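Trainee: Spelled out from the first residue to the last, the chains are:
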Amino acid sequence: MGDDFKQMKEQVQAGEAEKLKELIKKALASKVAPMEIIEKALRPAMEEVGQKFETLEIFLPEMIMAADAMAAGVEILRPLLAAAGGEKKVGRVVLGTVSGDVHRIGKDIVRIMLEGAGFDVTDAGHDVPDDTFLAKVKELKPDILGLSALMTTTMQNIPRVIEALKAEGLRGKVKVIVGGAPVLSDWAKQIGSDGYGENAVQAVSVSKKLVG
Amino acid sequence: MIDFWEVVKRSETGEKIHEEEFNRRVGRVSAEVIKKYSIKYNPEEVVCADDALADRLFDAAVDFFLQTGVYCTSTGRVMKFSKNELFDSLESAVDQIVWGEGRDQKIQKARKVEDPRPVFSNYTLVGNPYSEATFLQAAMSVAKEPLADCFSAGSLLHTLGGVEVRSGSPMEVEAAIWDIGKRREAARRVGHPGKGMYTMVSAAEHADAMIAAARPEFGALPRDAMLCGAVAEMKVDYDRMKKVPFLLRTTYTIGGLYGPLMGGYAGGPEGTSMVLVAHHFLGRLVFQTEYSCCFPIEIHETCNTTRRMLWLVSTSHQALSRNTHLLHFSNAFIAAGPCTEFAAYELINFGITSAVSGADLSPSAVARNKMPERATGMEGRICTEAAHAATRMGMTRKQANEIVKKILPKYEKDISKAPIGKTISECYNMETVEPTKEYLDLYEKVKKEVGSYGLKYPFFAR
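So the sequence lines, in the order shown, correspond to chains A and B.
Numbering of the first sequence is given in the numbering used here, commencing with residue 8 and proceeding in unit increments.
Numbering of the second sequence is given in the numbering used here, commencing with residue 329 and proceeding in unit increments.
A few of these clues could be false.
Unchecked claim - Listed next, the in silico SDA-like pairs over lysine to any residue satisfying Cα-Cα at most 25 Å (straight line): (1) A:Lys59 / B:Glu740; (2) B:Lys698 / A:His110; (3) B:Lys408 / A:His110; (4) A:Lys196 / B:His628; (5) A:Lys173 / B:Glu413; (6) A:Lys59 / B:Glu372; (7) A:Lys28 / A:Glu46; (8) A:Lys143 / A:Ala89; (9) B:Lys738 / A:Glu61; (10) A:Lys28 / B:His628; (11) B:Lys368 / A:Glu61; (12) B:Lys738 / A:Glu64; (13) B:Lys750 / A:Ala78; (14) A:Lys59 / B:Glu492; (15) B:Lys698 / A:Trp194.
No lab work stands behind these hints: they were computed from the structure.
Since we're looking at a predicted model, the values are computed, not measured.
Could you put the whole structure together from the sequences, leaning on the hints where they help?
Mentor: Now the structure itself:
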């Protein structure tokens, strides 16, 4: 089976959704467990993609194509996973760029890499009002809330969301990670966040630690 | 030139697509045109001397622009433009700008590749955050520099009068008005009351704050400028577009602000260089820009002084200078902080590369534009003096390439752990607003070293 998993990983990394789907169908016909395909082929493939992106051996379009291919593969597996009790996710994350900030590329990259690492991610978008973050935390009960800002005038809205979580009695129920160009590690500690990612790779490793 | 209201109409009637789909389109078409026009990054030719490649890059950008159009995030629609509209907008662009007034007045003229005329230099602290207590001295440090043809400042850090400055709050308007007042006060304090402002307030502010601040009684001169930025690769929104009808009814100069991410939606150095050129078409057609500020940055390192980024800077500006008469500033983003040899090497490489490629200069975002109070006028001096030295020598791109490649090993391998350097209070005398002896000595040492590589500094033995 090792060769089949290797081929699947190659197709994920090449962004070849159709070829990946054929390989998955073949594996399923050979009675390979759906979760095994995810854990031994799809997630490791995306981890490698993330590492290659970190060193800029590949760029964002290739990473998006790989993520799309993986999503197409998971789509085939989903009904089977549901029948077997559902896909085992690493954790649930809600993330977004805070109010007043229209930047999104950093947040988008974090989303793609968290999904690839096996997290169930809900992207609340950009310029997200504080109340929307609170509503998402209440509704989805995520393990982690990710807050991003790209400007010094918008990063002030990150602690405001944390304060709002406290006021609603939600702070103890969700870990908060923060990031974005002007955000520094010391400041992240000072405002009472649980984790800080200087880049998308760090955001994934911090998230894994927080749910581990 | 296409009417602004026609542009607005297209933002409301163009093809409706999801933003994610537009992102994928940018990546797909970028890859296609890079292949079609044979654009290939060469790590050994950091300062590219291939005219044909520069011209193909321009053609690729035209092809790309006509295929993708511009995405308006406020309406979720794509604005498309014809080839005639595009070339009409380029043809009707100004080829010179008068900055400032009185004896501080300076004229910027479009430059060509290997142009022996000196670069026009805007000294800026970009978005480096400064506290209310040090903002004025920081602005003075750039405004007083002899080679600063125009100037800008940094961003206000967090609070004004003890009140937090939040995006979208009334304090943002208050801070923008305070900001322009301090910039003009800085120019007056250093004896250059008429020095032109490259951007009247930090480009981070919303349109309402920028418009509120752009008044003569707050410090604006008639030809001071305001930047209108693309929000991401080939995207605009209504908050940026709102500035246009205001600016078109004033005498203020309109600038375009483009910072595509290398490694982002447009792909690698080839795609990002091409997209940076295409952003100039966006700027002419949507914002009616008269100049541009180009700050392509490497997605992980938040700087543009790496080997790939210098190639990108070199090729994109050559494509523009060889095929248009647009005025384009090359905005340095360096990894290291003030008063470090590391930063000096980055700045010199950026200055030389930009100058021989036909760009004007806008130095610089320092310490990745994020470490508070770590950006000063000295970094502008180091970058601009290298550029002036190169143009006075009549330096060719091939000569520049040899020098830049000798300097690159001084920092490229350690770029991810570049030193953050010193705050302005640590490397300037804050009473005289002059760099410390330590900083001046460090610069002299680096100048001597790069002099031995072939860069001849003809003046200012400070």
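Trainee: Next, verify each hint and record whether it holds.
Mentor: Against the structure, the hints come out as follows:
no.	hint	result
1	A:Lys59 / B:Glu740	19 Å, holds
2	B:Lys698 / A:His110	16 Å, holds
3	B:Lys408 / A:His110	23 Å, holds
4	A:Lys196 / B:His628	22 Å, holds
5	A:Lys173 / B:Glu413	54 Å, violated
6	A:Lys59 / B:Glu372	22 Å, holds
7	A:Lys28 / A:Glu46	16 Å, holds
8	A:Lys143 / A:Ala89	24 Å, holds
9	B:Lys738 / A:Glu61	23 Å, holds
10	A:Lys28 / B:His628	32 Å, violated
11	B:Lys368 / A:Glu61	22 Å, holds
12	B:Lys738 / A:Glu64	23 Å, holds
13	B:Lys750 / A:Ala78	47 Å, violated
14	A:Lys59 / B:Glu492	40 Å, violated
15	B:Lys698 / A:Trp194	12 Å, holds
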